[in-house]
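Could you build the full structure based on these sequences and the hints that come with them?
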Amino acid sequence: MSTPINIEIFNALEEIKGKTTQNKELTEQEMQVLFLAALLEEDA
Amino acid sequence: MSQNQEKKSHTICIVQTTRIGDAIQTLMAARELKRQHPTVKLIFVGRKSFCEPLSHNFKDIFDKFYLFDRREFFYSKTVKKPDLADVRNNLKDFFSQFEEDEIDVCINLSFSKTSGYLTSLIPCRHRLGLWRDKLSNLMVLDQWSQYVYSNVMRGTNCPFNLVDIYRFILGAKSEYLLPHKPKKPEKNIVVHPFASNAKKCWTPNKWVELIYQILKDNPEYKVTIMGSGADTENADQITSSIVLAKYTQRIDNVVGTTSIREIQDTISRASLFLGHDSMGGHLAAFEGVKTITLSLGSVRPHETTPYGDKNINITPKVKCFPCNLTDKCQLLPCHGDISYQLVNYVVNASLAGVDVNEKVLRENVPECHLGSANIYVSSLCASGICLDTVIKSETSVEDTFKVLYNIIWSYIFESKELNLPFPKLNENTYQHLVNYRKGIESLFELNTFGEKFSTYILQDAQLEKPPIERIKENSDKLQEIDTLSFQLGGIYQLICPIIDYFHVKKAFLKGHSILEISQNAILCYREENHISSILHELIDSTLKENKDVKPKSETTEAVNN
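So the protein lines, in turn, are chains C and D.
Numbers 1 to 44, taken from this note's numbering, label the letters of the first sequence in order.
Numbers 1 to 561, taken from this note's numbering, label the letters of the second sequence in order.
Honestly, I wouldn't trust all of these hints.
In the EDC-like style, the derived pairs of lysine to aspartate or glutamate whose C-alpha atoms are separated by at most 20 angstroms in a straight line are [said to hold, decoys possible]:
1) K216(D) <-> D252(D)
2) K48(D) <-> E42(C)
3) K181(D) <-> E30(C)
4) K113(D) <-> E25(C)
5) K134(D) <-> E30(C)
6) K134(D) <-> D43(C)
7) K199(D) <-> E25(C)
8) K438(D) <-> D388(D)
9) K113(D) <-> E28(C)
10) K92(D) <-> E8(C)
11) K187(D) <-> E42(C)
12) K113(D) <-> D43(C)
13) K80(D) <-> E15(C)
14) K81(D) <-> D43(C)
15) K17(C) <-> E175(D)
16) K48(D) <-> E41(C)
17) K113(D) <-> E30(C)
18) K19(C) <-> D133(D)
19) K113(D) <-> E14(C)
20) K24(C) <-> D133(D)
21) K465(D) <-> D43(C)
22) K80(D) <-> E8(C)
Sample of chain C residues at the chain D side, in silico, Cβ under 8 angstroms [stated by the list, open to error]:
23) P4
24) E8
25) I9
26) L13
27) E14
28) E15
29) G18
30) T21
31) N23
32) L26
33) Q29
34) L36
35) A38
36) L39
37) E41
Beta-carbon label-pair distances, calculated as ranges [what the hints assert, rightly or not]:
38) S393(D) <-> F10(C): 56 to 62 angstroms
39) E262(D) <-> F10(C): 41 to 47 angstroms
40) H530(D) <-> F10(C): 34 to 40 angstroms
Note that these hints are calculated values from the structure, not bench results.
Where a beta carbon is used, it is the ideal one built from N, C-alpha and C, also for glycine.
This is the structure in structure tokens:
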């Protein structure tokens, strides 16, 4: 069951994906999102 | 911190987010680094659930430790359902702790996705192990970490104990000082008959048979059964068995009732630790207590044998061992390969101080029990802990290659020349080694082509008008060579350690231009050939030493493992 935080992270991931395909460096906040997504993946 | 020009000690941060057994092995490696370099400042980052119970061990080794709980990141004290901003604040609080540490090197020993991102977020000057760059690309740049990524995370041919690998990545010198064993240990055998999954441990009934025999043969000893709360049911099944009824006074069931600190204290005073691959064995090694481990399922004994001298590891001989964690298995054939009678003999010999060697085993253990299991004994050698087969004449081809790879990688990575005895071969392993020469020769040929095409690319890239089409053609040929190498590894699986390592190394070639990358590619192919030549030479020498077991007719068929 999705929670709001999961959806927020998922949406943020989509933006980050777009950035990495254009070879743009990520900010610290964006790296944090990737870290959080990895943590959520462990739960799954 | 002094503001003037005084030389300050370096600060190393170690990230270890995997399970408690890995945390203990990391502790042992870090303890050794601290012993060799007492002025270095060590910081530990790990998970609360696995590391908090071990925190009493951290104080003498780490100057600081930061433990996190992933649920706490997603929790807010003020709102029921935190949003991303709340979570970010939690992360900010966590990472702000590192600001004053001025970390020189952050080393990730976990090799997982989460730990890779975590390592990238910790402020530091340099990173080792697995981490992510600012484009979120996976980075594994140092050679030992590349070895772990290519050989330990895939394949079962790693000859090194994880404590040694951690030590090498941390930069500890090769020599290791083992902890002192207890001078007058109590007549207590600590038994951990459980593991993290059913594939890795015997059923309670089998343990009942073994514990009964141990107590019967050793009337002065008692047995302490340890485990977590989750093991309580199985522990009760063991202790309530009618078979053990007359020995209840000598069985202490502390499953689920003691803290890790308390059980560590019990282990430290024990004569012996007996169990499956688990944190109990690593705690015993941490305290210098002798261990006997029964490795089943997906356990890799060379990597996970509790780190100490003359520790024993008994494994099944069945072909499917070790399996992968995700493999489903209903029949568990590896469990039947190790008999309780064999284990009982080894326990008795260990308690009596008898050296467990081939002669003693053949004289005292029936072939029906000895023939289905491999018995290994650890010993301290120049590269750390080596695991030697006790029944030399039955050394498998996989274990033979492990000895050769130990020599090769120790020389290549640590410039250490190991003076190990040649593996003893039988007719079967002799034939396998003969066949593998052909595989190595084919790999050498492929790499020679790889060097050639890389040289063409380099030459073309240096021209005033580089011919792009020709460079692309030669790049495609290099890709073909890589594909052929993998196919070769499918046929000759025991040369995969070399193929896989250089595949990873080539993925991280340094260089900002085709010129630089091609130069490094050439060096890479040459190095791969150099290592292949060493392996070929070691095989030749091993075959010469064992010419008495040469089969009457040598075949040259490729081996399908």
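Check: Is K438(D) close enough to D388(D), meaning Cα to Cα at most 20 angstroms?
Finding: Roughly 27 angstroms between the alpha carbons, so the hint for K438(D) and D388(D) is violated.
Item checked: Restraint check for K48(D) with E41(C), where alpha carbons must lie at most 20 angstroms apart -> Holds. K48(D) to E41(C) sits at ~18 angstroms (cutoff 20 angstroms).
Check: Holds or violated: A38(C) as interface residue toward chain D, Cβ cutoff 8 angstroms?
Finding: With Cβ-Cβ at 4 angstroms, under 8 angstroms, it holds.
Notebook entry, point to check: When you take the CB atoms of E262(D) and F10(C), is the distance between them in 41 to 47 angstroms?
Noted result: Holds, since E262(D) and F10(C) (Cβ atoms, about 44 angstroms apart) stay within the stated range.
Next item on the list: For the pair we were handed, K216(D) and D252(D), check the Cα-Cα distance against 20 angstroms.
Entry: holds (16 angstroms)
Notebook entry, point to check: Are the Cα atoms of K113(D) and E30(C) separated by 20 angstroms or less?
Noted result: With a Cα-Cα distance of about 15 angstroms, the restraint between K113(D) and E30(C) holds, given a limit of 20 angstroms.
Notebook entry, point to check: Taking 20 angstroms as the top limit, are the C-alpha atoms of K17(C) and E175(D) close enough?
Noted result: violated (46 angstroms)
Check: Can L13(C) be said to touch chain D, with a Cβ gap under 8 angstroms?
Finding: Result: violated, 11 angstroms to nearest chain D Cβ.
Notebook entry, point to check: Going by Cβ atoms only, is P4(C) closer than 8 angstroms to chain D?
Noted result: holds (6 angstroms)
Margin query: Tell me if the beta carbons of H530(D) and F10(C) are separated by a distance inside 34 to 40 angstroms.
Written below: violated (48 angstroms)
Check: Under the criterion of a CB-CB separation shorter than 8 angstroms, is E41(C) in contact with chain D as hinted?
Finding: Holds - the Cβ of E41(C) comes within 8 angstroms of chain D, reaching about 7 angstroms at its closest.
Next item on the list: Go through the hint on Q29(C) and say holds or violated, using the shortest Cβ distance to chain D against 8 angstroms.
Entry: Q29(C) check passes; min Cβ-Cβ to chain D is 7 angstroms, inside 8 angstroms.
Going through the hint list in order, the structure does not satisfy hints 3, 6, 7, 8, 11, 13, 15, 21, 26, 27, 28, 29, 30, 40.
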